[in-house]
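Taken in order, these protein sequences are the chains called P, Z, G and L. Sequential numbering from 13 applies to the first sequence in the working numbering. Sequential numbering from 13 applies to the second sequence in the working numbering. Sequential numbering from 13 applies to the third sequence in the working numbering. Sequential numbering from 13 applies to the fourth sequence in the working numbering.
Please note that the accuracy of each hint is not assured.
Cβ pair distances, simulated, as ranges [claimed, not checked]:
1. P/P148 <-> Z/R230: 37 to 47 Å
2. P/G135 <-> G/T240: 35 to 45 Å
3. G/R230 <-> L/R56: 53 to 63 Å
4. P/T240 <-> L/R88: 15 to 25 Å
5. L/C243 <-> P/P148: 24 to 34 Å
6. Z/E49 <-> L/K26: 52 to 62 Å
Hints listed in this document are in silico derivations from the structure and should not be mistaken for laboratory results. If you're wondering where the values come from, they're calculated on a predicted model, not measured in any experiment. Note that beta-carbon positions come from the ideal geometry of N, C-alpha and C, so glycine has one too.
There are 4 protein chains.
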Amino acid sequence: MIRVLVWNEFVHEKTEDAVLAVYPEGIHQAIAGFLSENEDFEVRTATLDDVECGLTEEVLAETDVIIWWGHMAHNRVPDEVAERVYNAVLSGMGFIGLHSAHHSKPFRRLMGTGADLGWREDGDWERLWVINHNHPIMAGITERYIELAHEETYAEPFTIPNPDEVLMIGSYEGSEVFRSAVTFHRDNGRIFYFQPGHETFPTFYHKQIQRIITNAVRFVAPVCERKTLGCPHIRKIEKVT
Amino acid sequence: MIRVLVWNEFVHEKTEDAVLAVYPEGIHQAIAGFLSENEDFEVRTATLDDVECGLTEEVLAETDVIIWWGHMAHNRVPDEVAERVYNAVLSGMGFIGLHSAHHSKPFRRLMGTGADLGWREDGDWERLWVINHNHPIMAGITERYIELAHEETYAEPFTIPNPDEVLMIGSYEGSEVFRSAVTFHRDNGRIFYFQPGHETFPTFYHKQIQRIITNAVRFVAPVCERKTLGCPHIRKIEKVT
Amino acid sequence: MIRVLVWNEFVHEKTEDAVLAVYPEGIHQAIAGFLSENEDFEVRTATLDDVECGLTEEVLAETDVIIWWGHMAHNRVPDEVAERVYNAVLSGMGFIGLHSAHHSKPFRRLMGTGADLGWREDGDWERLWVINHNHPIMAGITERYIELAHEETYAEPFTIPNPDEVLMIGSYEGSEVFRSAVTFHRDNGRIFYFQPGHETFPTFYHKQIQRIITNAVRFVAPVCERKTLGCPHIRKIEKVT
Amino acid sequence: MIRVLVWNEFVHEKTEDAVLAVYPEGIHQAIAGFLSENEDFEVRTATLDDVECGLTEEVLAETDVIIWWGHMAHNRVPDEVAERVYNAVLSGMGFIGLHSAHHSKPFRRLMGTGADLGWREDGDWERLWVINHNHPIMAGITERYIELAHEETYAEPFTIPNPDEVLMIGSYEGSEVFRSAVTFHRDNGRIFYFQPGHETFPTFYHKQIQRIITNAVRFVAPVCERKTLGCPHIRKIEKVT
Numbered sequence: 013m014i015r016v017l018v019w020n021e022f023v024h025e026k027t028e029d030a031v032l033a034v035y036p037e038g039i040h041q042a043i044a045g046f047l048s049e050n051e052d053f054e055v056r057t058a059t060l061d062d063v064e065c066g067l068t069e070e071v072l073a074e075t076d077v078i079i080w081w082g083h084m085a086h087n088r089v090p091d092e093v094a095e096r097v098y099n100a101v102l103s104g105m106g107f108i109g110l111h112s113a114h115h116s117k118p119f120r121r122l123m124g125t126g127a128d129l130g131w132r133e134d135g136d137w138e139r140l141w142v143i144n145h146n147h148p149i150m151a152g153i154t155e156r157y158i159e160l161a162h163e164e165t166y167a168e169p170f171t172i173p174n175p176d177e178v179l180m181i182g183s184y185e186g187s188e189v190f191r192s193a194v195t196f197h198r199d200n201g202r203i204f205y206f207q208p209g210h211e212t213f214p215t216f217y218h219k220q221i222q223r224i225i226t227n228a229v230r231f232v233a234p235v236c237e238r239k240t241l242g243c244p245h246i247r248k249i250e251k252v253t
Numbered sequence: 013m014i015r016v017l018v019w020n021e022f023v024h025e026k027t028e029d030a031v032l033a034v035y036p037e038g039i040h041q042a043i044a045g046f047l048s049e050n051e052d053f054e055v056r057t058a059t060l061d062d063v064e065c066g067l068t069e070e071v072l073a074e075t076d077v078i079i080w081w082g083h084m085a086h087n088r089v090p091d092e093v094a095e096r097v098y099n100a101v102l103s104g105m106g107f108i109g110l111h112s113a114h115h116s117k118p119f120r121r122l123m124g125t126g127a128d129l130g131w132r133e134d135g136d137w138e139r140l141w142v143i144n145h146n147h148p149i150m151a152g153i154t155e156r157y158i159e160l161a162h163e164e165t166y167a168e169p170f171t172i173p174n175p176d177e178v179l180m181i182g183s184y185e186g187s188e189v190f191r192s193a194v195t196f197h198r199d200n201g202r203i204f205y206f207q208p209g210h211e212t213f214p215t216f217y218h219k220q221i222q223r224i225i226t227n228a229v230r231f232v233a234p235v236c237e238r239k240t241l242g243c244p245h246i247r248k249i250e251k252v253t
Numbered sequence: 013m014i015r016v017l018v019w020n021e022f023v024h025e026k027t028e029d030a031v032l033a034v035y036p037e038g039i040h041q042a043i044a045g046f047l048s049e050n051e052d053f054e055v056r057t058a059t060l061d062d063v064e065c066g067l068t069e070e071v072l073a074e075t076d077v078i079i080w081w082g083h084m085a086h087n088r089v090p091d092e093v094a095e096r097v098y099n100a101v102l103s104g105m106g107f108i109g110l111h112s113a114h115h116s117k118p119f120r121r122l123m124g125t126g127a128d129l130g131w132r133e134d135g136d137w138e139r140l141w142v143i144n145h146n147h148p149i150m151a152g153i154t155e156r157y158i159e160l161a162h163e164e165t166y167a168e169p170f171t172i173p174n175p176d177e178v179l180m181i182g183s184y185e186g187s188e189v190f191r192s193a194v195t196f197h198r199d200n201g202r203i204f205y206f207q208p209g210h211e212t213f214p215t216f217y218h219k220q221i222q223r224i225i226t227n228a229v230r231f232v233a234p235v236c237e238r239k240t241l242g243c244p245h246i247r248k249i250e251k252v253t
Numbered sequence: 013m014i015r016v017l018v019w020n021e022f023v024h025e026k027t028e029d030a031v032l033a034v035y036p037e038g039i040h041q042a043i044a045g046f047l048s049e050n051e052d053f054e055v056r057t058a059t060l061d062d063v064e065c066g067l068t069e070e071v072l073a074e075t076d077v078i079i080w081w082g083h084m085a086h087n088r089v090p091d092e093v094a095e096r097v098y099n100a101v102l103s104g105m106g107f108i109g110l111h112s113a114h115h116s117k118p119f120r121r122l123m124g125t126g127a128d129l130g131w132r133e134d135g136d137w138e139r140l141w142v143i144n145h146n147h148p149i150m151a152g153i154t155e156r157y158i159e160l161a162h163e164e165t166y167a168e169p170f171t172i173p174n175p176d177e178v179l180m181i182g183s184y185e186g187s188e189v190f191r192s193a194v195t196f197h198r199d200n201g202r203i204f205y206f207q208p209g210h211e212t213f214p215t216f217y218h219k220q221i222q223r224i225i226t227n228a229v230r231f232v233a234p235v236c237e238r239k240t241l242g243c244p245h246i247r248k249i250e251k252v253t
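Bound-form chain P, shown alone:
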């Protein structure tokens, strides 16, 4: 059983009718909805409105994979909560950053970069081209590209460290390109960042987008016991078997 926590700042949905119309119960519920169809997933949600953002040590200790959506309220996540999430990832909790989560405190912390990019909101179409079809996160994606009728445009340079693997590159109506589906690991934590998911578009209802996020949950789930290495003082090994 993989214990998934879908975290959403949950602000746009309560303040903008255009967003409410697309995600009436919040982006987190839309994501939790399709993930819950997997019998091996146990899915919960949390938002900014919860005490400590719903991200206490206890919650994180019981989370195998966190999915993060945030945009306009990154700074309302307290530093100590962001640091707690960061440390949980280092100890082995998987992290999936969606769309504007590129600028969330935990993701930037994990990258060690600004995680900056160029952006514009002109409702362009996006095509997400598959770079490597034979990766577990791409399982079931047989097409050359996935097309989204409307997405926010994100443009390179995307200032991330070299990813472990680039799985998809997106292009937009205006010709911009973006490394849209990328993997990393940090200490024991496995990470997936996925670019689509603007709040005003029904991206999270797209079957192949759902499939990729579902695959990614399995990919970033920890395979070893959660543990922070620390800097142990070791002893010289004296004898060979």
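Please build the complex by placing chains Z, G and L on the supplied structure of chain P, with the hints as guidance.
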């Protein structure tokens, strides 16, 4: 002094007027022309018409960096010549593959993959987006992207191993994307592949394209003595200093 | 069900008593033995003695993962057979190279390098240090290192391309180091190379070595349909959804 | 002219006779000493004793490459100073972390990991094995390994992200291994981490260690203008050339 050998199959230019019009002395002479403006480069050329393709052991031993352009005549390069080039790269000769050289015998051999891609010739514009401005090959490229009015379209998946670094990603009028400027190393040899350079377009007269190729020559030039490692039988180190 | 083919040149075992004593039925049978305990694996074996080395197109088409052990008889594998294996990997068949398979024809072909290294046979102990415990191939390996009382010493530089990931680094009694557990991908094929497994030592009876090879089978098994991309002539996408 | 700033916490040298004996003027002066022999370097130093650790915005703006040595006083570098250094690296200032700088605030911040490792101080010898001789940082290192009679032992797992390139792997008397010479980049900043350099040993007087650090200065020096990308709101490109 960096000794550069520009190799061109030199077939299109002699059989198609459209190509001859753009490169009247051959693509190799166009490339050798702008490279020769660098005082630290000593530039020669060779083509399919030369004995052994102009790629004898002696020539390769005196070459620091080879630049390869080929397209319709990949198979007219004898296997033993391609293997000779491959072995020279492993020993430390730098290799720059341009455009359709992705399917040349030496490049595929060095990749260990098909080096396949999708392609079409509709004369699309291409925009080459810079991913990492602070790399020696990108020195002097300050713009976000380089625009070419017409290029052949190359589309992902481009079946190469994970590059050491992806420096540019191209997009085309038809929305395709392509990892256009990528580095690799193989044994002692440093490698750069660069996508632009279709024979019917004046790509090699573009100042920024010239700058990138010039930078790449310096980047792939060997820094250590040319040497094939082989598989030496070593002896146990008995004593510490 | 993962269809595994264990290929062994099967020469040492028939010519050297010291090897026969350790692997009386051949290294391939020792490996097939522990793999067969997995209910989701269907395990077969093949050797140099079989017609076409047991590696016909039909056999390869029905193989999800090939495990390769070879040492003194690399050159008795015909080029066309090696090329067939190479092409099967590019189409998606997983490849696990063990020990001296670093110099096998298929592995060198897939690397695009000499895959050279320094070596000596002094019966040193080896310690295989884990670099990343949270990788599927390391599942169940909780110790800091695995110790083998005797192994052949392999020394860097190991002339491979940058691996997708380095999972273990070995050190030996004589202080040499070696990237011992490394992953790659080539087109659709996933690859794992694992250094231990000299013919005169009981390495393949070691439980943790068995565990790593077992994990690796699952890791390199294809997740997409087997397919060679080729270089398709594509058409411009005219319309957006 | 490359403007180098050698930063040292400069604590051990003033409190421990054993360190003072080796580096009577401080580790920073020893490093500045050999670097100053390069006519293209302009070398300054700074320590914890300076106002704001000698790391004001003005100083950092005039620094092309910072070299960092710290060990027992990491926490005496104020967070805002560490963040300033971090931001300077993102904008393009090169960073060389030496030895226990793995746990310095700027380095951990740039890694996005704990940068943890195992350690012991038994005065073991260390051998630094070269992985890739044909890299600019290894220029002039022709031997298979560099031997240091005494060093502090650092052991994997070293919890860093996958490096851009691993140039050396160290092994110790007790068999531990460590990725000792590794490169990264973060936004516009190029980074080199190098493991040797314990305060009680004369490591920084070793000619080949000096050569590697000197080469690294040239490698991490910026090639583009210093600039923080930020997250620009871009406009749709309307017309092709």
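We went through each hint and held it up to the structure:
no., hint, verdict
1, P/P148 <-> Z/R230: 37 to 47 Å, "40 Å, holds"
2, P/G135 <-> G/T240: 35 to 45 Å, "38 Å, holds"
3, G/R230 <-> L/R56: 53 to 63 Å, "55 Å, holds"
4, P/T240 <-> L/R88: 15 to 25 Å, "24 Å, holds"
5, L/C243 <-> P/P148: 24 to 34 Å, "31 Å, holds"
6, Z/E49 <-> L/K26: 52 to 62 Å, "55 Å, holds"
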